[in-house]
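These protein sequences, in sequence, are chains C, A, W, B, F and R.
Per the numbering used here, the first sequence starts with residue 1, numbered consecutively.
Per the numbering used here, the second sequence starts with residue 1, numbered consecutively.
Per the numbering used here, the third sequence starts with residue 1, numbered consecutively.
Per the numbering used here, the fourth sequence starts with residue 1, numbered consecutively.
Per the numbering used here, the fifth sequence starts with residue 1, numbered consecutively.
Per the numbering used here, the sixth sequence starts with residue 1, numbered consecutively.
Since the hints were derived computationally from the structure, they do not count as laboratory data.
C-beta: ideal position from N, C-alpha, C; glycine also.
Some hints could be false.
[To be verified] Distance ranges between label pairs, derived from CB positions:
1. F:S275 x R:K108: 18 to 26 Å
2. B:E24 x R:P145: 54 to 62 Å
3. F:S327 x R:E25: 35 to 43 Å
4. F:K126 x A:D42: 53 to 61 Å
5. A:D42 x W:R17: 33 to 41 Å
6. B:E417 x F:G196: 58 to 66 Å
7. W:G151 x B:K106: 35 to 43 Å
8. C:Q44 x F:E185: 56 to 64 Å
[Said to hold, decoys possible] Quick list of in silico lysine-lysine cross-link-like pairs, DSBU-like style, CA-CA up to 30 Å:
9. R:K266 x R:K244
10. B:K278 x F:K70
11. B:K112 x R:K266
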Amino acid sequence: MPAETAAKMESGEALDRTELRALKQDLWELYEDYAQACDRQDFQAWTTFFTQDCEYKAISRENFDEALPHATLYCDGLGMVKDRAMALRETAVYEPRHLRHFLSGLRVTSVAGDSIESEANFLVVESMSGRESRIVFVGTYVDRVVRTPQGLKFQSRQAVFDNYRVLVSLVVPI
Amino acid sequence: MPAETAAKMESGEALDRTELRALKQDLWELYEDYAQACDRQDFQAWTTFFTQDCEYKAISRENFDEALPHATLYCDGLGMVKDRAMALRETAVYEPRHLRHFLSGLRVTSVAGDSIESEANFLVVESMSGRESRIVFVGTYVDRVVRTPQGLKFQSRQAVFDNYRVLVSLVVPI
Amino acid sequence: MPAETAAKMESGEALDRTELRALKQDLWELYEDYAQACDRQDFQAWTTFFTQDCEYKAISRENFDEALPHATLYCDGLGMVKDRAMALRETAVYEPRHLRHFLSGLRVTSVAGDSIESEANFLVVESMSGRESRIVFVGTYVDRVVRTPQGLKFQSRQAVFDNYRVLVSLVVPI
Amino acid sequence: MASIPLQQTESREAGEAAERRWPEEGHTRIPYWVYTDESIFKKEMQRFFHGPTWNYVALDCEVPNPGDFKRSWIGNSQVVVVRDKDGSINVVENRCAHKGALVCWKNKGNAKDFTCPYHQWNYDLKGNLQGVPLKRGALGQGGMPKDFDQKKWGLRKLQVTNRGGSIWASFDPEVPDFETYCGPEMLSYVDRLFPGKGLRLLGYSRQIIPCNWKMYFENLKDPYHATLLHAFFITFGLWRADSKSESIPCSDGRHGIMVSRNEGKKTTEATKDMSRFKGEFDLEDKDTVTPFPEFPDRKVVGLTLFPSVVLQQQANTLGMRHIIPLSAKEVEVSWTFFGYEDDTPELARLRLRHSNLMGPAGFVSIDDSEVLTQCQFGANGAEDSMAVIEMGGKDTEPQDHMVTEVLIRSFYRFYKEAMGF
Amino acid sequence: MASIPLQQTESREAGEAAERRWPEEGHTRIPYWVYTDESIFKKEMQRFFHGPTWNYVALDCEVPNPGDFKRSWIGNSQVVVVRDKDGSINVVENRCAHKGALVCWKNKGNAKDFTCPYHQWNYDLKGNLQGVPLKRGALGQGGMPKDFDQKKWGLRKLQVTNRGGSIWASFDPEVPDFETYCGPEMLSYVDRLFPGKGLRLLGYSRQIIPCNWKMYFENLKDPYHATLLHAFFITFGLWRADSKSESIPCSDGRHGIMVSRNEGKKTTEATKDMSRFKGEFDLEDKDTVTPFPEFPDRKVVGLTLFPSVVLQQQANTLGMRHIIPLSAKEVEVSWTFFGYEDDTPELARLRLRHSNLMGPAGFVSIDDSEVLTQCQFGANGAEDSMAVIEMGGKDTEPQDHMVTEVLIRSFYRFYKEAMGF
Amino acid sequence: MASIPLQQTESREAGEAAERRWPEEGHTRIPYWVYTDESIFKKEMQRFFHGPTWNYVALDCEVPNPGDFKRSWIGNSQVVVVRDKDGSINVVENRCAHKGALVCWKNKGNAKDFTCPYHQWNYDLKGNLQGVPLKRGALGQGGMPKDFDQKKWGLRKLQVTNRGGSIWASFDPEVPDFETYCGPEMLSYVDRLFPGKGLRLLGYSRQIIPCNWKMYFENLKDPYHATLLHAFFITFGLWRADSKSESIPCSDGRHGIMVSRNEGKKTTEATKDMSRFKGEFDLEDKDTVTPFPEFPDRKVVGLTLFPSVVLQQQANTLGMRHIIPLSAKEVEVSWTFFGYEDDTPELARLRLRHSNLMGPAGFVSIDDSEVLTQCQFGANGAEDSMAVIEMGGKDTEPQDHMVTEVLIRSFYRFYKEAMGF
Ligand code: FES
Ligand code: FES
Ligand code: FES
Ligand SMILES: [Fe+3]
Ligand SMILES: [Fe+3]
Ligand SMILES: [Fe+3]
């Protein structure tokens, strides 16, 4: 385990290298499955990645760094996550689009019992009719993942985007 | 293995988690080696990733979703793959360019004997003289891979690009 | 191990597939940790990835392919690496920016004792106030990594960027 | 309502703009070239944003302490809003008097003074030039000429008003006072949101919409669309045609007041015209659409305060939507969400939740951002065509309902005259 | 060939365009400013694409059932092609009569009617405005004025022709009929491709080429380049100077017919001039260059039907190359590949294979896309310079070979006059 | 210093440019519209880069062998620099005489001749058209008309000067000779860097700076900023106000010579004005700031040779900074780093190390690229405002120190007149 990462690990019961790698592999699958649900715009599937007491934010780095509570998209509890999914399906009006996630740089920053803090970079590319494909979001996930009987889930997921401003609208969760 | 993926797996003889991970590692190497051959513009090497009875398509999502048979680049059999490679070397006229592939989100959607169906996201960035580097392709590979004595090969590779239109030309296969 | 890669491996004592994969995993962590240090703009941390006798270059593909010695950013020895880090902190004047690295396609091209040659693709996306996020660098790392008591370090890292030109300035090392 | 003349502030006018002719029907029509012509855009920047108008630039809670600064925009000009040592607020243009470099390179921070990086000319927090390095040369050589008058070369200083914690600025020294500029009715609504109690900054959301800035402004002068387009609004009764409403043009039409009331989920006579009403759709978490009744008048309000901002109060979310035009075909909308220092924790929580209605990912604002994009697509290349805005009649008088485009008509009556069309 | 006047449809002309002077040599020269000047582009959009021309918009097999629609383009205006309940085809402009939003947001689909999302004005499949929600207000208030005449506010309706399954539209109600517009010779070639039997849609390829739309059009009026540039063509005899060919300008030069014959791999006298001939190069899979002889005349044909399309038949690939100009320096080429309902499976298979010759990845089309990019690079900033097009002489008469630029000369003779240069 | 008239080379002038009026203070002011107006940019390209000027295009060591070529730029026109069979160097415009395609598609290479890919017109290394395929037709048909005079249709040939291995070109056949154009003082400094001994190419760095090209040019006429902005320079004594320096305008101000001396790390009287001096900061590897004394005069030099290049010699890094304007608001700076064939290995090593001071990642150049970006931000939309350049007085005479903007004043005195403002 790189010294860098180890230094940031606050775990009481430090993982050895093999355990950490196994954990990262599990997390990586979680991250990729989540990205895939977003890319498919399967909003129902998206809700299944969260715990009941979850928090989900798509938040600008500006707000995150200043510790401002407002997030561009903010869900406080699984109910709000489910309401967002339903609203996207039932009430929101938007032009069709394709989105693709690219992830890199997964890192575990803390392990405490069943609670894991981890981060990774994301890049989201959008394609729409009549326009060139373009980067719509780039940034870092700042997450707290917990082990549950149903596998790993996000208790807190913050998609901290570096973009100064959102291009038109943030429809599909990041 | 996440429930999501498992649900889509049609295999008669389901793989356990360890087997699936091993398979994904093999596939990942195949995908990366393929991308690398494209990036190097080593067209001869590119032909070696396909089976004799292969199909290769670079196809727009528009055609793919509408199940239209036309593909922007279409090879039906290894002969056509080899002819494409030769034509790119010998007859095509095009301005020099550099391309780089970025892959993310490999997933196995089906395993049946030696035949594996898998997908992954691709992003291709182009650099040319006098211009800024830009995204030229983004989308999803939809593949059927088979085990052969020479290792894993593509029996069918569809590079389904989300881009509404090709930027100038598609010279180097995706 | 794919035939392709094997052919390029010049090692006297060839690694078997398992050893190679283990090596790639170690390298991948090194690459990701390095990228993370750059993204955090932690210049001090950046210096720790290099050996005493290191060479670091951010060099255009144009110069690299023509074997021209000039690099846009050039450090010859750890002293110069440290001086660069200090100058970025203490003397350079630049507008604040966020950068994110995305890596793909790690490959080992040679193993000779404790010295490993490896490559990978990089994509760097920049975000600045009042502007859209954009690709600032894309290309390939060409590296020589050595095993040291402190873990893997770069004896030589060349960030060979395909971009025809740098967008404004190269402040944060690639 | 006072009639405030909007003087012509620029002498030369771009050629194309000068030749345009408005449709003869007048303010019930909008020719699409007002949304596409860059020479008109240039003229708007000069005449409106650099003219005798008050432009929203910040909330004072964003710069609480002496030396705290924030960069902001007036049209396409960048300014710095900074709290002075005496606690007052200054607004200066962010351009060095020497050779034009931006002096301040960060969006927010704290400074004792501002030093331009290029040649280190130094300005105090009022924008006065207080230091020119090597002004007397080095080793007895060079330096500024004797007649160089440092007092003449400060940063451009703007007029500033602080109204209950909302900060407004003007490039024009002749601008009428803020009270006159708003007029009594608009002012009362501004004061309703900024009654003088402490503000609490909740955060920002910024977005770029590929449409003309006036389309965005119009969107908030258009209660008619809200009751039809926004399924979320209609379904949960947050904004409906069958609620008691008002549409009040102010100051010759430049400003507009849009008022309604949250009447909850319901089905009435008028529902049949709202085809996007989704009676069957319900929420898991009702808090999102259940406002705490913080204003005694129980109103829901959208104010368009010309030319730079929309003040929004919907459920418990309060927001300043700063309009930053980028070009004829692109506008940045910069949302500042805020509450009050005396908010209870529960109200603070509701503000955050309700801000999900608004902004780039807002349950209702998504619809607007998307539809405005499509309006600009329609306007592009349609210079021979025009919009018709006759809902609620053809006149420009205040109306006590929302099935009307009177606010838009009033605005274009004003616009047409102010632009000399 | 009938001489069809191309009227001036716009009243005001952009300043720069009006001042340009054509080189005195006339139609044997092309000044590079025709490829770079945005004011000329604007004039072309008005005069050609919005003028008395027939523009390709779709194939009827793309919208087989009532309610099926497809979005398409005429110049830089978006239209919707929709099959009406009675099976006929309507083409309407995709812009709401109210405030200009695009009414249809999807490229393809099926609809009973079109509802604009913004205020839900509803149009039938002919483009008639059939519903305005809250037209009579709500709770007795608001609504449209009494004199609002719904009949006047439909979507803009275009003239439509369906010729053997190819759909053409015109913004100009005064456009001559399609037969007259094409002229008998072009018409016979259109009918050759669209003889009235059922069409089968194979798919689309779209590309953007950073060049003026006329460069693309010229490229298909230029048989001379094909026999030199396209190594793949020459080597496999798909298009060669030493094959029996024709080059026929039509309708004052606006259209062009380019004909040749596939004579297979061979070496003749003329081969020596074709330095890109690669005698040694052969294919593993010969099917790619082995057409099934489906047309009795054994011709290979490229038609430029002004201003919007190239009709291509090469080997067994049939394609409509829709020309969608984006700006003076960018064109989208949208390829629709098709076959016939009665194609045998083997012929269907060959069509797909042969489409590898064409499109953004086409064995020969790559060359064109790349070379046109370089032509635009050359034209940019070269307003004082011009092209010379004297191959095959200086006149504009039809020629029975391909070593000629007569189609391009004819086109620019027409263009010069039509644009008033 | 000879006064070389800069003739008006274009007949029509863009409308906007013609109407601009310079501030009455004259050359001590720069109105910001010189940095933002595209019609002025167009005029500059014609009048300066296509006019009677000598433009840097290459070093002869980049094309050592017959047939070696390199693409380069003069303003926004691309040229090919090629070594002919006899060892001399030709410069031709990269645009086919036929239909304008770029003839050469690679940045560097070796060629016996140039064949345009489109129709394979073939040019010799001087740019003469030597082959037109199918000129006499095929099978007795087609071909070029009898009066087609091949001699008239070559590539555009430029005037060329090779001065000690630096290659210069001009579009204008009437350009004065290079010596006259430079004037004796500038010429002596050019010769100091190019004394006739063999050059060694070290490599390129290219960058795009979102600023007007003149801002970049000015930056190198501005010794005053360097002693204040560049903490790295000041701290290590590479460029400081308290070193013996000169600021010499040449040829009516178009060119400029900036001279100083490396006096190492020190603290003097003047240090107090240099607030960015970092006495406590030291390097691990001192080589970076320790030049080998290769020039007997021990000078450090920056030359602005109008309009296309900055020649830089700082420590042991030698560089040609080629200025390639892309638009009014963007410039490419293309750096060619070089040494001499007789460099010792140690000197060669130092050149590479010292090039870390310069270029897109240069310890000092980063500051410039960043600050110029901010200057353009300041200029945008500030057409009613202007820069003041009075450091070192108001006149335009040479000065023997660096606390002055005399080179910029001289340049704008020249510019104002040359542009007819
Ligand atoms: S530009 Fe600000 S000090 Fe010179
Ligand atoms: S814009 Fe279409 S209904 Fe209002
Ligand atoms: S354009 Fe060069 S040969 Fe025709
Ligand atoms: Fe709305
Ligand atoms: Fe062609
Ligand atoms: Fe500098």
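So which of those numbered hints doesn't the model satisfy?
Per hint list: single violation, 5.
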